[in-house]
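Please work from the sequences and hints to get the whole structure.
Using our numbering, read the sequence shown as starting at 1 and increasing by one per residue.
No lab work stands behind these hints: they were computed from the structure.
All clues given are correct.
Heads up, simulated SDA-like pairs for lysine to any residue below, C-alpha to C-alpha not over 20 Å straight-line: (1) Lys88 with Gly288; (2) Lys539 with Ala93; (3) Lys189 with Arg281; (4) Lys88 with Leu166; (5) Lys88 with Thr298.
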Amino acid sequence: MRRYKTSEVWGWLLFNTLIVTAIVLPLGDVLLSVFRDSEGVWSHLAETVLPRYIRNTLILALGVVTATIVIGVSTAWIVTHCEFPGRKLVQWALILPLAIPSYLLAYATTDFFQYAGPFQTMLRETFQWEREDYWFPTMRSLPGAICILSVSLYPYVYLACRTAFLQLDHSMLQTSRLLGAGPFRTFRKVTFPLVRPAVIAGAMLVLMETLAEFGAVDYCAVDTFATGIYRTWLSHGSLVGAGQLSACLVGAIIMIIIFHRWFGRNKRVSSNNGGFNEVQRIQPGFAGKMLSSIIVWTPVVLGFLLPLSIFIDMTIENGDQRAMELLGELAQNSILVSAIVAMACVVLSFGLLASMRRCPHFINQTIVSGSGLGYAIPGTVIAIGCLSPLYFIEEQSAAWCQTIFSYDPGFWATSTIAGLAFGYICRFLAVSNGMVRAGYQRIPETLDDASFVLRRGSLRTISGVHLPLLSSSLFMAGLMVFVDAMKELPITLVLRPFNFDTLAVRVYQLASDERLDEAAASALAIIVVGLVPVVILSKYVFSKNMDSSPE
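Encoded structure:
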């Protein structure tokens, strides 16, 4: 049995406490803002726009969650239980919309389906219609935002359900069919109740992403909490008012998390424990195969192929030389801050998880778990929560430098890459934590025991044993954080230095000015970067014998 020195245990606890305190500081500042005086801003918001924020956020969340469940469950069931041409290709292609941020999808689809866009123009030219001869839904609206986010986020539900369907004991489904139940009745009575926990898990991810979404709903002119927080800070100039709005949203998210954990505490997907479990696929007729293909390919076309082709066409046809010149500078800024954040998150996650491995105390585990809270909080909330602590640190350091050195360091935290990187780290540390934790789970504890017997200390064990074995996990953690940071929008808008634009910010600004053609090259760069983790995810998911049918 390994025993650790008291000084070592306290050292790890102190290290983790300092790191996690810094990470949860923005969240704590947001919650404390409810006790501050907003100088009438909160009462003004409550009387004017707050009811609209609540109503739109609830409708948006309910609509997106419902639509993603329908799309994700139906597509997962079809590719798992039906045989049709292109099934093996589309089961991979269905996760491609994850490569395109929802705000880019909003820009592309709105441009394509608006009145002056290619689609409606084609309808008018084909049928000789005038404006008053037909009705077409408006994309820049609440229903439009629901459709855009649903097409963008359904892969979360699809992946969860696809895995659950393949892990089911299919003998139960075969028994249902033998008893006379058709495929749809079997799905309703047997399959769906068994995979309900997976559906709920995927829907929870969709719900969190919907509440955190800023770019797409802002472009669709929908007032939600995420857009309201940003406008309160920018237009009213009230950091306290924005913090109080953020506290309302954080409170709702905490309640959702508690309810989800309570509701799903004893629920698991019923799986087959008997080894090989072949899926008996339905062989539909020609019409059934065509219908299945249309159902599964539609979200892929709308969520990935259409926006990708739009941005490629804009870049080739309308991209100007100035936009291409700026692309290099914007890419350099994005790569710089993303690389800094990725390295910082990898180092912090490695330290946190190594300490938990060497000191698996309940208190230590609780502290380390707290470092991942930021990923459940919207980026707008984290950005607002970062401002007050950064202002305070800046003021105190300036006073200290003036007293001792008679030197004013200026705005070194709130208007530099350091402040922006801090916000990113608070948001994305959970991503690297997950990858490093998965790597540690593959390292047998007998190696730690052997190192302990050889009287190697913690640092030598971590550097000589853990680090080499975790190299691939650390690389993957850095890559995932790098890609997420490249696509992040609200934190960058609030915390970026003056005259410091990233690819995401540039696209947002140009799209807001209706200059989407100039933003196409930057949007393509973001999509290419976003494809990297999707390809890696697809290789991981579909290489684990997910398709149990014989080749």
